[in-house]
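A.B. asks: Chains as they are written, first to last, in my numbering: chain D, 1 to 507; chain E, 1 to 117; chain R, 1 to 87; chain H, 1 to 135; chain V, 1 to 765.
To be clear, the hints were calculated from the coordinates, so they are not data collected in a lab. There is no bait here: all hints are sound.
Here are the simulated distance ranges between beta carbons:
{"id": "1", "chain 1": "H", "residue 1": "Val79", "chain 2": "V", "residue 2": "Lys761", "range": "31 to 37 Å"}
{"id": "2", "chain 1": "D", "residue 1": "Gly269", "chain 2": "V", "residue 2": "Leu45", "range": "57 to 63 Å"}
{"id": "3", "chain 1": "H", "residue 1": "Val79", "chain 2": "D", "residue 2": "Val28", "range": "23 to 29 Å"}
{"id": "4", "chain 1": "V", "residue 1": "Ile581", "chain 2": "D", "residue 2": "Ile39", "range": "52 to 58 Å"}
{"id": "5", "chain 1": "H", "residue 1": "Arg65", "chain 2": "R", "residue 2": "Ala79", "range": "25 to 31 Å"}
{"id": "6", "chain 1": "V", "residue 1": "Ile463", "chain 2": "D", "residue 2": "Pro437", "range": "48 to 54 Å"}
Backbone N, C-alpha and C define an ideal beta-carbon position, used for all residues, glycine too.
Here's the letter readout for the chains.
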Amino acid sequence: MQNVYLLSVLLIPLLTAITILFLWGKVVAQKIVGAISSILYLFAAIMLFNQALTSGMAIENVGNWPIGFGIVLVVDQLSAIFLMLCAILSVVAFWYGSSFIESKASLSIFLPVYFFLLFGLSGAFMAGDIFNLYVWFEVMLVSSFVLFTIGASRSQLEASLKYVTINVVSSALFLIGIGILYGLTGTLNMAMLGKLLPELQNQTLATVGASFFLISFGIKAAIFPLFFWLPATYHTAPIGFTALVVALLTKVGIYSLIRFFTIIYPLQGTPIQPILLVLAAFTMVVGVFGAAAQTDFRRILSFHIVSQIGYMIMGIAIYTPLAIAGALFFVVHNVLVKTNLFFIAGLVGKLFGTYKLKELGGIMQKLPFVAILFAISAFSLTGIPPLTGFWGKYLLAKGGFETGNTLITIVTAVSLGVSLLTLFSMTKIWNEAFWKPFPNICGDLEPSTNFRSILKAYPGMLVSIFVLTAIILVISFFPNSSIEWCMSAAENIINRDMYINGILQHN
Amino acid sequence: MEIILSILTGLLFAAGLFLMLHKGMVKLILGIMMLSYATNLFIFIVARITRGLPAIIPRNQDVLANSFADPVSQALILTAIVIGFGIQAFAIVLIKRVYAATGTTNMDELNKTDNLE
Amino acid sequence: MLNIAIIVSVFIIGLCMLLVMIRFIKGPSLPDRVTAFDLFATLVIASIAIFSLVWENTNFLDVAVVLSLIAFLGAMSFAYYILKRRK
Amino acid sequence: MRTVIFETAIKLLLPLFIAFSLFLLFRGHNSPGGGFIGGLLAAIGLFLRAMVFGTKNTIATYKIRPIGIIAIGLSVALVSILIPLFSGLPLMTGLWFDLTLPLIGKLGTPLMFDIGVYIVVIGVVLNITFILSNG
Amino acid sequence: MLLIILIGLIAAAVAATIHRIDNNRAGIWLSILPLGIFIWGIAHLNSVLLNNSIIEVYPWVDSICLSLTFMLDGLSLFFVLLVSGVGFFIFIYANSYLHNDPNKGKFLTYLSLFMTAMLGIVMSGNLLILFIFWELTSLSSYLLIGFYSAEEESRKSALMAMLVTVSGGLFMLAGIILLGIEAGTLELDQLLANPTLLLNNAKAPIIAVLIMIGALTKSAQFPFHFWLPNAMAAPAPVSAYLHSTTMVKAGVFLLARLSPVFVNVPIWQSVLVHIGGITMVFGALMALMNTDMKKVLAYTTISALGIMVLLLGIGTTISVQAAMVFLLAHALYKGTLFMVTGNVDHETGMRDLNLLSGLGKRMPYTFYAGALAALSMAGVIPFFGFVAKEILYGAAFDTPLVSGIVGVATFLTGVMFTALAFEFGYKIFMGMQAETPKHPHEAPFGMILGPIVLATFGLIGGIFSEQIAQPLLHQSSSVILNVDKVLQLGLWHGFTLIFALSLLTLLFGYGVFKVRQHIRAFSTKLSLSNLPGPEALYFKSIPALLQVAIKQTMFFQSGILRNYLTTIVLTLVSLIVAISIIGGDFSVIGLSKTIQVKWFEVVFIVLMIVGVVNTLTTTSRLTAIVSLGVVGYGTAAIFLYYGGPDVAMTQFLIETLTIVLFVLVLNRLPKFVDMDKRLSKRIAFPSVIFGATMSTILLWVLSQQMNSPLKDYYSQSSYLLAKGKNVVNVILVDFRGIDTLGEITVLGIAAIGIYALLKVKFSKS
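When you get a sec, could you build the whole thing from the sequences and use the hints?
C.D. replies: Given below as structure tokens:
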């Protein structure tokens, strides 16, 4: 039972989901079970994180077959960071969601599917086998399909149909990629693939195989020009349902890209590297322009995700330890900050009944604490120092400039320029929703709310926003250990032998 | 035979995409299904094929003899088929709901969530 | 003797398939195509049976059994549909 | 679709479907079949009955609650993979009893896992088809 | 020094609370903070004057070798005293200025935040730390300019200021990062101690330019100047504090701070001299054209900042010293004038130079302060402004490079300054009292304290310049350059050419003052202010940017699934083609063991193709589904023939089930949307390309060698170890059982989802 934490992280969500299914119809009991197990999950994840940091890797050889013939679940430092993030998010998203959702019917769907989603996420972050990763992806995706359609409003349904279709295509490409890799090497284990693929005679064919993964993961991660599903979908469903999806789905894509293009198919020096760099630049620019064009609180935020993804892709594509560490830190930063912004957007929408900037206003006057919370996250997103975004930006820029490569330098410069546009579009929200006086367009009066009444009506929502803001502030002002973890994870992942030998020589 | 099967697979891919690019929602689902056949066939063929030799150990033996179909790809396909079924079923029900909510089965009319205001 | 029987039956099944194909392409109405489809399923069952003989592998017979158990379901659901539509 | 032919046929066919599905489930480890195929077959049998006798009737007769069946199936599968942990082995290690039963074959955790799959598949297919044919 | 920053941050945090507790005196309570800092600065004066810089290091982000370093040397201390000294009066001033404003608490928060950030800039000992505070000043300035957020103009100006300064900041960040990489350190003491670090470095000019852009945007230098006049939308204390005395001087500070590092980079000097010179003249001219008091002051500030940049660029001993002296003089009189303007605006409700006059009787104290400050601005003996002007002229005419032009330009600027000084000190206060929206009377005590003290200091500082200002200014300029001459300040240096110039300046200034209306009319005729400039560019580029954004978004985010899918597929295909061409290895080992074609199978495949074609072409949905069923059965048959009974069985079952589901759903859907021939043609292309690519790749992979360790292992151990003879099933439930667990979970979730879609009636919320 040496991997008790790893197994807990994997199985607690499943167990919870099943328990909640058994308690079908008893919403209060379901909520209690969910609350307890999300805390347990967080605890297990913290312990697992600690274990991964101290002893390097936690490996569970499922089925006790020789390595490579069964399926291994691996938690290295990279996985540990993502799992930790996932755990923190899962707790706050659970509080937020169960406080946000008022209808009993919706809750009874939300709760089990939420934990199934968590199950898929945990699995995806610890899969040591490429097909296993596919399966976890599907668990995650189907859960997200369900979460996006709860409530079944017109726009939700419209968007989900596109979302489902594009994800089906992405999964198909993923499968084809797996097929090609299997057809070339005869194995599915990531470590073994990592060993065999670079030794393959026909490297062009290996690269072609890798390009399927690039596209498939690229769709998940919403990189240019594959991002369409994201801005079409994220703003449709109430954020209470989809917080976890919105926060982590694209990051699973990023995680897979990092995993695939370091361990299995090292990116350095391949033709994919420059392509990815260019795509990263386009992703940043197109995403931020998209955000600038929008006039809806949540849509601006959705488009921003695309833009921020570009930074992470850039980090991966630069492929130095510092840049990958920057990408990792950026993931951490972005997940926390973006989720918090969506949470605040959800709160604003709940209070004002609209997300359109035109119809919003005066929040600074009415609810200054919301404004402060928003400002912290928004300025962090735009990279105003010393908030988290700045550290990510700094690491990436330093990593980029250090290489001295012309293309990388240009892309890095673009990334700095994009942060100005990010600022521009965030101030758009700030100007319109917070500074501008309440417009009274619809004729109804300004909602009369204050801190206390909100706390009474939606305690979970407020608490989760406060907790996330606190975490953001802590990371902002004491970034040392987080940066250190990201650096160490990046070093480990770039030195592929460590991972590969660690698994292949596991007893 | 491999060449014929490869071309068939390519045809299925093309047909699947062709259907998905159409306007109708039903065709979209048909395309998704076609695409999943194509993907499954692709994996099946890419793991090299042998005729009529299932990966089942004969009654009187303990291990499989020299030539047999690749069981790994079959297991993968099985999993993929089942997962695909779940998603297809969901998608089929989804178009029903979309039609109930929007009154159209034309995909091109579903662009409200993307449009700028 | 068996060999000849097999060759003959394979030939007949192949011929049937071509005929089914023609009916399937021509249609013209839906029930025609449904019937053709049903027949196609039956032919698949038959061909599976033949091939399990050819390869002397009983495992294939199971498939034939399963298929025969469910093959009519498709036709039945179409019938269900046509019935409902008439209402 | 309540016709005499169907009613009589389904009364005969349903036990056949269930029996054959169980047969496929238990011998799946050695011949084509297994939990998934068995489950599908059993579910199709029940669905046929529902088509003929109506969904409500079938639910009432067999006291089926599809989501509950899914939960049961998942928990059976989960328990089967957790068992080896108690003997200090990794998750999902196959543990076998020594005795071999007629028709069923060897008993072990993989079989139990397959039974879990079987139950889940029945639950899922029934859930989908019942809901759809109902409304 | 960390303590000061922390206290400042805490003060910012509690400012709103203080305001809630004692809303009349919140600003006065908070003014204790700058006062304390000022005293702290004075306490350190002695040790700093003895050339001891104080350095504090606190570990912070060790992983990127960044520590919180603070440094207090002559330059820092000079700025600390300036920031805290002026800050003290500003807090008191703001307290009265925003007397009844319910948002005063917020204002004080921002102001404290700004002051802390400004102190951070001048005290940081690490460039990255400096940058952090730098951006904080931009941020707090944004909040302060937009303080009257209900007005659109405020919001727009705030955004403009923020965008300009932050974009400059980004260049600077790039420069700092590059500097860190090239020099190996960002610690200021190390950088300053080794001025040769960047000698002969090819990247040094780039770094210098990047950092300069940051400094020049902050200091509102041409062509980045336009945000400053617009920033006058802010309340008067903000203009007095941020936009004349402190924040805009952060750029000058940075240039001064880094002068030793870049002094050997040729581009540094020339850019600074040119930009500074242009800004100087341009700002003064623009000031003369305007009549809004705040705008005029803003332009003179721009001009003054240009002078400082110019002086730093010239880089001789005397010019650097002049820069520091002028900086102090400017801070004293300009802060005062801004507050005076604030008073006038506050009490009369207007601030047009043309319309205001005769306020002196009604507002005697304000008049006193304004007059004193104006005298200093005009450079009348014995004010500190005179001292500054003397040394400024000295430096300008002593310039080795382009000496004539610089001298003349400086002189002209001085003339215009003098003319404007007459307007501020004389015109608005003397003569007939003009009609004003509000009935003017003297401002409250809090609002006259600051101007009076600062203006008086301008007089005292002039008389006793040698005793008061000289030591610190000398020390601060000697940090910038190794000064070979001790700074000598004094009123009387004899009747020199410079003194004559000063007198001439006064004379000409009065002349310009007299003819100012003609000049303004002339410029209006020429419509000089409507000339296309950087400001117009900004105002054009923002909508243009939005237009591009909207066009681009409409292009990419069309909402049509077809476009999305086509893009994805074409991206994939072109990626593959590109990779193959770059990779260039098309080696094919050969389809060695191809299976022979059997006619029977061909019949099946032909049937499948018929099914495919029928699916594509039919207009009936049911026919399409039946045809698809044929294809599905055919696929299953292929699985079966090539040894996959389990897969085949599953495919048969699933296929049938899917058809049933489809049929169940279908009776609720309308017929196919009509086939569109043109559409079909258009979508055929990507489909065919996609299919062809897939076929090619499949064949390509098949042409390679493959040996599967998995297959071998499973066949060996399936029965012996896993006790099952059906290898596929053993893989599913044992070898790779976790996959199956995930798979049944997917099914379960899908079932719940379908249940949710069809059964659950959601309440509208």
